[in-house]
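The listed protein sequences derive, respectively, from chains V and C.
Just so you know, we're using my numbering here: the first sequence kicks off at 1 and counts up by one.
Just so you know, we're using my numbering here: the second sequence kicks off at 1 and counts up by one.
Errors might be hidden in some of the hints.
[Said to hold, decoys possible] Residues from chain V that face chain C, not an exhaustive set, calculated with beta carbons under 10 Å: (1) 30; (2) 34; (3) 128; (4) 177; (5) 202; (6) 212; (7) 221; (8) 228; (9) 236; (10) 249; (11) 256; (12) 262.
Since the hints were made in silico from the structure, they are not lab data.
No residue lacks a Cβ here, since even glycine has one placed at the ideal position from N, Cα and C.
There are 2 protein chains.
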Amino acid sequence: MINIAIDAMGGDFGEKPIIQGVVEALNQKPFHAILVGNSKLLQSQIPKHLEQYIKYEEADEVFLMNENATDVLKRKETTIYKAIELVKTGKAQAVVSAGHSGASMSLATLKLGRLKNVLRPAIATLMPNISGKTLLLDVGANADCKSENLFQFAVMGETYAKEVMKITKPRLALLSNGEEDCKGNELTKETHRLMKKLTNFVGNAEGRDIFNGNIDVLICDGFSGNIILKSCEGVAGAIFQILKDEIKQSLLSKIGAILLKPCFYRLKKHIDWQEYGGAPLLGVKGCVIISHGKSDSRAIKNAIFQAINFSQSQINEVIENELEKFNT
Amino acid sequence: MINIAIDAMGGDFGEKPIIQGVVEALNQKPFHAILVGNSKLLQSQIPKHLEQYIKYEEADEVFLMNENATDVLKRKETTIYKAIELVKTGKAQAVVSAGHSGASMSLATLKLGRLKNVLRPAIATLMPNISGKTLLLDVGANADCKSENLFQFAVMGETYAKEVMKITKPRLALLSNGEEDCKGNELTKETHRLMKKLTNFVGNAEGRDIFNGNIDVLICDGFSGNIILKSCEGVAGAIFQILKDEIKQSLLSKIGAILLKPCFYRLKKHIDWQEYGGAPLLGVKGCVIISHGKSDSRAIKNAIFQAINFSQSQINEVIENELEKFNT
């Protein structure tokens, strides 16, 4: 059975939603969780019947969100450091952390190391679209990219879609400011030429294609990826806020809103990132799932399922082999 | 009274919504419209009582959306070419066009010329936020930018906010992948240092800040700007699509939706770009308002009002003077 190291104290809301997520996941699938944190505190929150699936790794410190990611290498007593160590020493096959994402990435890259031929790891994330989900990468690991980096992200993203998401022929696209081949900035034009080597490449895609279900994997630099994530979050938030304010204006609309409650609930669930688990860090040796700092138990449960699917796949070997092909 | 050259045939839906927009605008504010196109066709659509405000400029060709912007300089019989000519020769003070935006931009830059000290013009657009609107630039004129370009966009955007939007102290921000000064890619880090010279600069902002009402003007390169526009359009479209599909599922929710119709209508109006007019091209001699190809009469009317406000302001002189200050 797979061992998953869980950074039990790194999230914004302390250990409670993390432990609850582990419990929910264990109620659905068998695995071993190694909870990294203050074992006394954690132990008291685990139901008796699940104790057999839980181990503990003592760690007294938490790497805080406002700390500088580069300092994490010196913070050997932190939960995230010890969780990554468990993968390095082979005691665990995967890490799930809702802690400082930059720290998780630095530790994973420097302690676990990059896969063969990988120049830079990338953070991938799943975005909801009208008919399913779109994998977007990079969403923050690399603010400045070269075309070779984006090409490798494409290979890694395509492999994730095939091996973990089980899409046989993922439609792979490059984010640009127009669908035509000639559109883009210098970086995307150069990347477009490289990506033509990939058989599943369907060409450039625009921001709107993330949501219309036309593509499965969208490649961009980490700066653009971050901007997309934050802007979309902003639009969705603004739409709901404006609608809420409008509904308050009359009794009829309040009644209408009550009748629509199940619809709003399902819509919210459909577009809620918590449903989609965490963001896999692609390109490092091992499996590292980076969860949102504000993850609730559902998000943690889904991140754990992602870690299980990732670890049971051949993704890392396939990435190395695929990149090898293009290295010659 | 101001003369506005109207590219009467350049939009996706032919001359009808354009003429209708001119009529609606004339019913609210006095100005002279010079309609550029097939005068016989246009004349028949103008109500008698407005005829005194209308002149015609004959042009038989339309520069099509699928043509290459660089070819427009040779297409001297097109509506957009002749409309820009009217400004160049002083017969009009402003142009409104829903035609090929790249062509409008090329013509404006090459025929009218850049303002003194301006390295590159930028397209600015207004985005709705929960309490008003945010000016975003550049949204497409420049896919690759240097920090000096972004700095100039900041000066131009700030000036537009002051002179045309009448915001005394516009909160000016730089789009980045984090609010902290140290966040960003190489370009934004360098730009951040330059923008510190501007007293209204409030620092870096994230994608979500476009919508939460925290800022008035957001600066980015044209690639990022385009991606934001398209992604946000995509999210909003997906949300309404999913909600529509959900509502269809039950009679109760259909009733709820009927009760909420006025709310949905006001929400749609609030976030509808047609309410915000066109996108001013900043940094060229004269006033050029670029409208969406799919503009309805409301969008054209609002673009005309924008052109009037722009032309009645001192924006171009102020931009030249402001840039001069930083040139020394």
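Next item in the hint list is residue 34 of chain V. Is there a CB on chain C closer than 10 Å to its CB? At about 31 Å, which exceeds the 10 Å cut-off, the nearest Cβ of chain C leaves the hint on residue 34 of chain V violated.
Would the stated hint for residue 177 of chain V survive a check requiring a Cβ distance to chain C of less than 10 Å? 4 Å, holds
Per-residue hint verdict: residue 228 of chain V, partner chain C, C-beta under 10 Å: 5 Å, holds
Go through the hint on residue 128 of chain V and say holds or violated, using the shortest Cβ distance to chain C against 10 Å. Holds - the Cβ of residue 128 of chain V comes within 10 Å of chain C, reaching about 8 Å at its closest.
Do the numbers back the hint for residue 256 of chain V, that is, is its least Cβ distance to chain C under 10 Å? It holds, given that the least Cβ distance between residue 256 of chain V and chain C is near 3 Å, below 10 Å.
Does the CB of residue 249 of chain V sit less than 10 Å away from some CB of chain C? 8 Å, holds
Given a cut of 10 Å on the nearest C-beta pair, is the interface hint for residue 262 of chain V held or broken against chain C? Since chain C brings a Cβ to about 7 Å from residue 262 of chain V, closer than 10 Å, the hint holds.
Should the hint that residue 212 of chain V touches chain C count as held when the rule is a Cβ pair under 10 Å? Status holds, d = 7 Å.
Given residue 202 of chain V as an interface hint, is its Cβ closer than 10 Å to any Cβ of chain C? For residue 202 of chain V, the interface hint is violated, since the closest Cβ of chain C sits about 17 Å away, which is over 10 Å.
Report holds or violated for the interface hint on residue 236 of chain V, using the least CB-CB distance to chain C and a cut-off of 10 Å. 6 Å, holds
When the nearest CB of chain C is found for residue 30 of chain V, is that gap smaller than 10 Å? 34 Å, violated
Holds or violated: residue 221 of chain V as interface residue toward chain C, Cβ cutoff 10 Å? 8 Å, holds
Violated hints for the displayed structure, listed by number in ascending order: 1, 2, 5.
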